[in-house]
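Enquirer: Add chains B and C to chain A, keeping to what the hints say.
Chains as they are written, first to last, in UniProt numbering: chain A, 1 to 429; chain B, 1 to 429; chain C, 1 to 429.
Take the hints with a grain of salt, since some may be wrong.
Note that identical chains are pooled: a pair holds if it fits in a single copy or bridges any two copies.
Unchecked claim - For lysine-lysine, the following DSS-like pairs were computed, each having C-alpha atoms within a straight-line distance of at most 30 Å:
id: 1; residue 1: K199; residue 2: K266
id: 2; residue 1: K4; residue 2: K385
id: 3; residue 1: K312; residue 2: K323
id: 4; residue 1: K312; residue 2: K4
id: 5; residue 1: K266; residue 2: K385
id: 6; residue 1: K28; residue 2: K113
id: 7; residue 1: K4; residue 2: K266
id: 8; residue 1: K107; residue 2: K28
id: 9; residue 1: K4; residue 2: K199
id: 10; residue 1: K323; residue 2: K199
id: 11; residue 1: K385; residue 2: K323
id: 12; residue 1: K312; residue 2: K199
id: 13; residue 1: K385; residue 2: K199
I should point out that these hints are in silico values taken from the structure, not numbers from a laboratory.
Residue-level listing of the chains:
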Amino acid sequence: MRFKFPLMAIGLEGAMIVLFHLYVQYEKDQNISQQLNTTRPTKMDSFLPLYPLFQDVHVMIFVGFGFLMTFLKKYGFSSVGINLLIASLGLQWGTIAQGLLHSHGQKFHIGIKEMINADFSTASVLISFGAVLGKTSPIQMLIMTILEIAVFAGNEFLVGEIFMASDIGASMTIHAFGAYFGLAVAGVLYRSGLREGHKNEESVYHSDLFAMIGTLFLWIFWPSFNSAIAEPGDHQYRAIVNTYFSLAACALTAYAVSSLVMHRGKLEMVHIQNATLAGGVAVGTCADMDIQPYIAMIIGSTAGLISVLGYKFLTPFFASTLKIHDTCGVHNLHGLPGVIGGLASIVAIAVGVSNVSTVAMQAAALGSSIGTAIVGGLFTGLILKIPFWEQPLDQYCYDDSVYWEVPRWREHDFHFHEHEDHKQLELEA
Amino acid sequence: MRFKFPLMAIGLEGAMIVLFHLYVQYEKDQNISQQLNTTRPTKMDSFLPLYPLFQDVHVMIFVGFGFLMTFLKKYGFSSVGINLLIASLGLQWGTIAQGLLHSHGQKFHIGIKEMINADFSTASVLISFGAVLGKTSPIQMLIMTILEIAVFAGNEFLVGEIFMASDIGASMTIHAFGAYFGLAVAGVLYRSGLREGHKNEESVYHSDLFAMIGTLFLWIFWPSFNSAIAEPGDHQYRAIVNTYFSLAACALTAYAVSSLVMHRGKLEMVHIQNATLAGGVAVGTCADMDIQPYIAMIIGSTAGLISVLGYKFLTPFFASTLKIHDTCGVHNLHGLPGVIGGLASIVAIAVGVSNVSTVAMQAAALGSSIGTAIVGGLFTGLILKIPFWEQPLDQYCYDDSVYWEVPRWREHDFHFHEHEDHKQLELEA
Amino acid sequence: MRFKFPLMAIGLEGAMIVLFHLYVQYEKDQNISQQLNTTRPTKMDSFLPLYPLFQDVHVMIFVGFGFLMTFLKKYGFSSVGINLLIASLGLQWGTIAQGLLHSHGQKFHIGIKEMINADFSTASVLISFGAVLGKTSPIQMLIMTILEIAVFAGNEFLVGEIFMASDIGASMTIHAFGAYFGLAVAGVLYRSGLREGHKNEESVYHSDLFAMIGTLFLWIFWPSFNSAIAEPGDHQYRAIVNTYFSLAACALTAYAVSSLVMHRGKLEMVHIQNATLAGGVAVGTCADMDIQPYIAMIIGSTAGLISVLGYKFLTPFFASTLKIHDTCGVHNLHGLPGVIGGLASIVAIAVGVSNVSTVAMQAAALGSSIGTAIVGGLFTGLILKIPFWEQPLDQYCYDDSVYWEVPRWREHDFHFHEHEDHKQLELEA
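Excised from the complex, chain A in its bound form:
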């Protein structure tokens, strides 16, 4: 970390400032509309009404994703801290990458949708971060942020502008994309030395509670995520309602299935922290369609079921047989539910619920999202594998103290013990 990380971070910030200078402008249509004395709604008029939804998404990105990953006992600083680092770079770079594509290389304006999309583009990187959590360095994550958002923006442009597919909650373009990108990177970076697991790859009691902060804020604000850039009126309304009920159905189902598959029927925190959210992912693509709430609930329940089964059976199989180690199980929370979301949209359009797109274009969008993710992820993995980026040694994985100044774990002498034995305990522990 001595110089590579700070120099790269400062260099990237400098580049962002130059790019913003060249390409980014304020919206100004409020002025124009006032001069013309017109009542035509302007982009500025929709800024403040959508701002609360932006802020909900903002909480999901920084608190939601950040704390969700704090479940590891010794990796909380990195989880919440590198999450902030990635997102800070990502929202600047995402603004540029998406803006330039949509403006065809011209200067472009920043409105509320551009800010929401900037946050969205970081979400895909944060999902991928979950797959490689504990096994990579901060500098590797800076590189991944730059590469992944470039590919993300390309795929998003392809899906939205070329295929003109519908993916309002981004089940395909963010969730499936982020998951398969991360799995591809994790596959390239596979560590055979950790085949038998790692002593730090586990939670402690309070780290699991910290993770629940992330889970709950993601769960609560997911309706805003799926509706933030939806068309105002019915579409946005349905995106909120469908997501709300999908998540409720998903959570109840995930509890049931967690108890069903676990030893002696006990609940497993990994499932509760993650699978309860799968309904928000899976309903994403169809969220604004006229599918009826009960169908949203069926989608949510299905996602909760599949997600828990994925954690129980697929993740170990991926690690042992496919040699893809997925730290947070992003395949179960984002990958499979994202695919479910894409498939659900194909069915919805096939049966005539919506005509905003065609079956072929939805299928192309799903294929493109997974395909570019895997290709982009493999390429990124190869770049990250170059032994120059301060990747941690196997024994230092899942350990903040490699990259952070770490204080003591806890306070030993909290209660002012007087007796002699105490000193001995202090020495021992």
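Expert: Coordinates of chains B and C only, in the frame set by chain A:
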């Protein structure tokens, strides 16, 4: 937990999906209003402006109530996790129960108020959950959710549609109702074996800090809770302002009284976590009335005073003499302040501050809320007492490990101790 | 704490209720506008659209500031708890102090801007609280709240009404003011007995994670803080956009500089928790001006750089040479970035970016904010030094147990150890 819990949870989710299929429809008046080219405000027009208030309430239900109950040292997973379980089922069932009552059994539409009310109906169950926290099983909580929301919806219909009483912040219909329902259940489930207390019924340092997350989000968003379904304009405005100042006055008073009644004048975390919120409960019924901010502050201060005194003196009395053990002290946070709220509204109407209801109808609403709560709670308690619902044995109360896979409490070897004594400590602990 | 604290707290609450009775009234223009059948926008019309921004600020004040200060291992109850106490009193007193000044001693109305300003006025005290954290008593903080808000309101009136300077995000009037006020108090209360540090003035692993909750909510909602009272339309829009990108640039830079200045290139939690926020402070004064996003990013990066350097080099210098011990380093998070904000506004106006104010008036505002803060802080420090306010002895600093009933630190016997050694361990610890 082997099969009863998962089968009941899946069965309930299936029932919810069927009920939603039969009865729940989207709002669609946006379309209609556009076709008619009218400027009459539609239900859809009020959706987005009220959505931030809905999300505030949503945070209160899932983060607020969930983390508030994490104060117990070994029961954090259940507190925040079963809270999510109850609320996920409750918001689906609350939608159905309240929707069917108000539509007289017809299909009904889901608007923002229905979503807010769905969250509200879960609040009553979460309050009752606080009274029996640590002494019940997840399956018992599913049953309580179904029964309590049915009774809640009935009482809410009675209060709002028959008595046409005013209870905008639901001091009576949610808070007093939830508290007395929970106390009745706790009374029926009383465990004489725990008369002398339980070694796990206490907090540790960090569990008290987790609980403060819940306290603060409840405190911050309470103005949204009390105003979310208020009439737009003056009423909604006053509900926000009165609650804001009532809470501030309540908090300052609660600190003072906590110090006054405690040993050597020290502050007690239980009071700070709970009694600081009593002002939000107590001002609820009058929140939208023209009572003036300083009266709201008097109501808040009174509630803070009464609530701390309740924790100090009433809760032990209830446990020892009335044989009602109230784990979270919901009587002091929701019961007494809820009654204060009802009484304040009677006074407000008697002195002519508001004419939205009559003294008699407000008194009937308060009586009905407490009466149906106690009867419903006793009945529910008897159902829950059936020795089939996996209720924990006395020695396993307040312990997550009965229903959850629980990781180690903390990391012993965080600082890479080298010396030999360390291994011994690891073995011991 | 026996009687002084509760009596003062109750007395202050009583005084607030009397003052509210005398001076505070509801807004009522909604009614008037309806009677006149006019479509002129009223103050009430802007209430609900601004309410989400108010709530964002509210979260910053209570969760943001509260949890940011929980980093100390044994001072979490006081950090989050006394934060709530100060803010509860402060928002009442701030309403009165600012209201009376702006109404010239007449009765005044409470609108959304008055509520936002009430929260703002508490922010200055909470910043100062950070400088004296761990070294003062709750009763001293009540006194500081009363005195500081009086001075704050005076300076804010001077800056806004007399100088008519522009300080939309309050870099000068809240952040620089709060920091220098706190430093002045800390200087007067300097404890030479703690010159060599204190064993409790350090974090543990989980206390640093609790603090990140505060950091993230402050970071996320800072655009709302800087825009909440901005002129609707372009100004408010730019305040949001500039703050958003300033913070992102600041965070990335702070990570880089933290790694650069620390031992072996590791990241330091104190920097991440605090310096990542400096961009929100520094862009404050210019936030609503037409400075272009890339300039906002340069301001943010500069603030991140200066802030980390301040933590690394200035704070130790202040403590050792100037005999000003700044517990949270508020000089680096609020003081220096606040001055940067003021200077940036002078430059912006000098080069013609904005003509809302003049260079002279901005300089006067900066000077007045720092000057009144230092004078007010010195005076307040002298009042607080009177040996009557239960200030903790040196050995009890940074320790909740002086003012709080504190539970055990952690659960020793979490896993039901059977073997004999266990009992011995329990005895020892």
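Enquirer: All hints, please: hold or fail.
Expert: Do the hints match the structure? See the list:
no.	hint	verdict
1	K199 x K266	both (23 Å within a copy, 23 Å between copies)
2	K4 x K385	within (16 Å within a copy, 49 Å between copies)
3	K312 x K323	within (17 Å within a copy, 43 Å between copies)
4	K312 x K4	between (39 Å within a copy, 20 Å between copies)
5	K266 x K385	between (40 Å within a copy, 22 Å between copies)
6	K28 x K113	both (15 Å within a copy, 25 Å between copies)
7	K4 x K266	between (46 Å within a copy, 12 Å between copies)
8	K107 x K28	within (14 Å within a copy, 39 Å between copies)
9	K4 x K199	within (29 Å within a copy, 35 Å between copies)
10	K323 x K199	within (19 Å within a copy, 46 Å between copies)
11	K385 x K323	within (16 Å within a copy, 50 Å between copies)
12	K312 x K199	within (20 Å within a copy, 34 Å between copies)
13	K385 x K199	within (23 Å within a copy, 43 Å between copies)
The structure shown violates none of the earlier numbered hints.
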